[in-house]
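Given chain A's structure and the hints, the job is docking chain B onto it.
Number of protein chains: 2
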Amino acid sequence: MAEPSEKARAKLLSLNEALESGAISRVRRIINSGLAPVDVAHLIESSPPRDRKLLWDLVDKEIEGEVLQYLSDDIQSQFLSDMSAAEVADMTADLDADDVADMLQQLPERVIQEVLDSMDHQDRSRLEAILGYPEDSAGGLMNTDTITIRPDITLDVVLRYLRRHQSLPDMTDNLLVVNRQSEFIGVLPIRKLLVSDPQQTVREVMSTGGVTVIQATQHETEVAKLFERHDLVSAPVVDANGILLGRITIDDVVDVIRETADHSLMSMAGLDEDEDTFAPALKTARRRAVWLGINLITAFIASAVIGMFDKTIQQVVALAVLMPIVASMGGIAGSQVLTLVIRGQALGHLSSANFTWLFNRELIVAALNGVLWAIVIAIITWLWFGDEMIAVIIAAAIIINLMAAAVTGAALPQILKSQGIDPALAGGVILTTVTDVVGFMSFLGLATLFYL
Amino acid sequence: MAEPSEKARAKLLSLNEALESGAISRVRRIINSGLAPVDVAHLIESSPPRDRKLLWDLVDKEIEGEVLQYLSDDIQSQFLSDMSAAEVADMTADLDADDVADMLQQLPERVIQEVLDSMDHQDRSRLEAILGYPEDSAGGLMNTDTITIRPDITLDVVLRYLRRHQSLPDMTDNLLVVNRQSEFIGVLPIRKLLVSDPQQTVREVMSTGGVTVIQATQHETEVAKLFERHDLVSAPVVDANGILLGRITIDDVVDVIRETADHSLMSMAGLDEDEDTFAPALKTARRRAVWLGINLITAFIASAVIGMFDKTIQQVVALAVLMPIVASMGGIAGSQVLTLVIRGQALGHLSSANFTWLFNRELIVAALNGVLWAIVIAIITWLWFGDEMIAVIIAAAIIINLMAAAVTGAALPQILKSQGIDPALAGGVILTTVTDVVGFMSFLGLATLFYL
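Chains A and B, in that order, are what the protein sequence lines are. The numbering of the first sequence is the UniProt record's numbering, which starts it at 1 and goes up by one. The numbering of the second sequence is the UniProt record's numbering, which starts it at 1 and goes up by one.
With the rest of the complex left out, here is chain A:
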């Protein structure tokens, strides 16, 4: 996902003006005026669909590949689908293999094969190594541009070997040490290489213990946790036999961290974290309709509960006026607990042992806030309707619903997670159903029992 700079923001404005007025040559000048590829990608992402294709066609051929890699999946696949396999192979020739792999995964299987066939042997075999792993695994995240050395040479030889390179790969903080079988055996940190006696051998200086080694099959969120915990810049990736496959660098991990964090926020509103801010209306409407439909079921369940008490409401209309308060306070209190537990899960703070403590804490909090707000609401209700019986009933219902909200908000994410369901996605809907049903049922039910 591309990020803005101040300069890009100014360009965005003048670009939109130029597009409005149809001044194509001005548009071309803006997007090719030394703007970094990430900024061009940002301009494209910030433009409505009808302008995107136009902008893309105006991008200089040399930076096309780089621009594409910063675009979101949705837009990538749209642009790629218009290109021939040879064009794709040509465009991606200078990019990192992991970024090319990510892009290719937007294409149908058949086209991927065509693109691979149009590449030279080395590029192809690198890509195939990455494409063999799921996109969200360490293997899909890794790059194959590693500098490997043998343990039995001296640092002096290493330094001379490095000097034969035009440049080193980005984010090379470690040289990777492998044996004759390409098995990973340790790292030679550049930091150590620079301060050590050149006559020492790699084996004498290299680190073996405490080195974070990543399995190609590990999930990308696990990889992100390892990077965060150990403050890594890069880490080697090995297969099940310990053979070095490549390395993962922090820039790609930062993207994973951002996407994972985005996921919870977007899921709670029933949105996908890959959602394109400027997706066309029809596509957006279709995606959102599903979520509205699910929530409609919740709403009808709540209505059905109210319907059970229609005779009570007919006699005491104040109940209809006040009942949304009970449901809404429960929903708000519950969503606070739910959000806290979902974040606690993401941070790995929750275990079966400390969950009991948290659950009890939430019950106490619900009781405290239940009593506090029950009193406030009862007083307002009494002043409003001058009816102390309704005041007592709504107070009781508030306490009941806040307790139900606490139980649901705390327990639901754990239950959903154990069933393999994403709590951020399903939690809110289920919680609202519970707080609506309990809210209406307790308030109208108590009124029917004690008031009529």
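To be clear, the hints were calculated from the coordinates, so they are not data collected in a lab. Honestly, I wouldn't trust all of these hints.
You can't tell identical chains apart in this list, so a pair holds if it fits in one copy or across any two.
Below, simulated DSBU-like cross-link-like pairs (lysine-lysine); rule was C-alpha separation at most 35 angstroms, straight line [to be verified]:
1. K61 to K311
2. K283 to K417
3. K61 to K283
Only chain B this time, still in chain A's reference frame:
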């Protein structure tokens, strides 16, 4: 914020058991059994308050400072408040200056001065440089452990100079080049140093153009964007006169990225991103009460609207049964738009130019989904109550409320942001107020006009 590992998760379980059974010596063995400081911090954070102090007292003196730096602000300040200034100075002696500065900021001004006075001269002046800047600025994030070189020496001299060090600071990907006035003039990437001819001078090899230089006063979220955009591992920090002050490294930026992302999620539920999952019940109840109070005002406004139509409801109870559906569908649709726009703002995708397009897109989406679900709801209503007039009225109200939700969800974050109010915090409450008021008003109002 500490992150879990598989090992830590297993320890968490056995630790909780040991704590339950009161086996202090076993607890001590667990937390000092070669567990990394970040894991010890994780164990403490994952424990209820009553166990935390106990665990903290059992931590080995040598790793106390490191453990403390991984704990959340809340817990840091709790532990620090029990220590003397000399103890704090002693404990933090081996830590990075930026991490110490973060910790000290949890203490009262007077105590900070005492701690500074107990430090040796070098540590103190480093810390004072950082403490002079706000915690959330580049100056507060930077570290002062930079390796600086002069431009007129040869790479060979640089290499020999480096070899005089025991080790280089973590994440040293660039050496920083300064002139006699300590003004920053460029970077010598280690990558270049290693592949260049040792007889060249620093000036010949160093990079000056395209180097990201950070102003000490820049906000940390701007710093994070620069790191993400340019795939940086570290960047130099300068003051207004271009004097080099220190550097920022990606590990600290990753924390900023995670906290910023957390902020939106937690704010939308009225929670603070620093919220401690295991805060005591009283503290938690007090913090949450505020949010419930604010939402209660919303709920009473909605009730007041319903109250305006009490006579209508008395005659047609079906209205009371159905009215939550109108309000709830509006709330759900609105929060989808709200979340999308808030994320768009965070990613910098929204400008005044493309906002009009987005706004119109949302109106079209609301119209499409409004019509779709209005029809579905009308049919169900008709089947349920056998009353085509109510069916038509609820259909109209749904369309009106979904349009209102789209307008509010799209415009509100932009308006709030321009007023300096956090949309993630205030947006949801205001949106719900609008969709409740418009929902009840349109449904009950139309019924009063056309039905009675």
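ask   = Which earlier hints turn out false for this structure, listed by number in ascending order?
value = Of the numbered hints given earlier, the structure breaks just one, which is hint 1.
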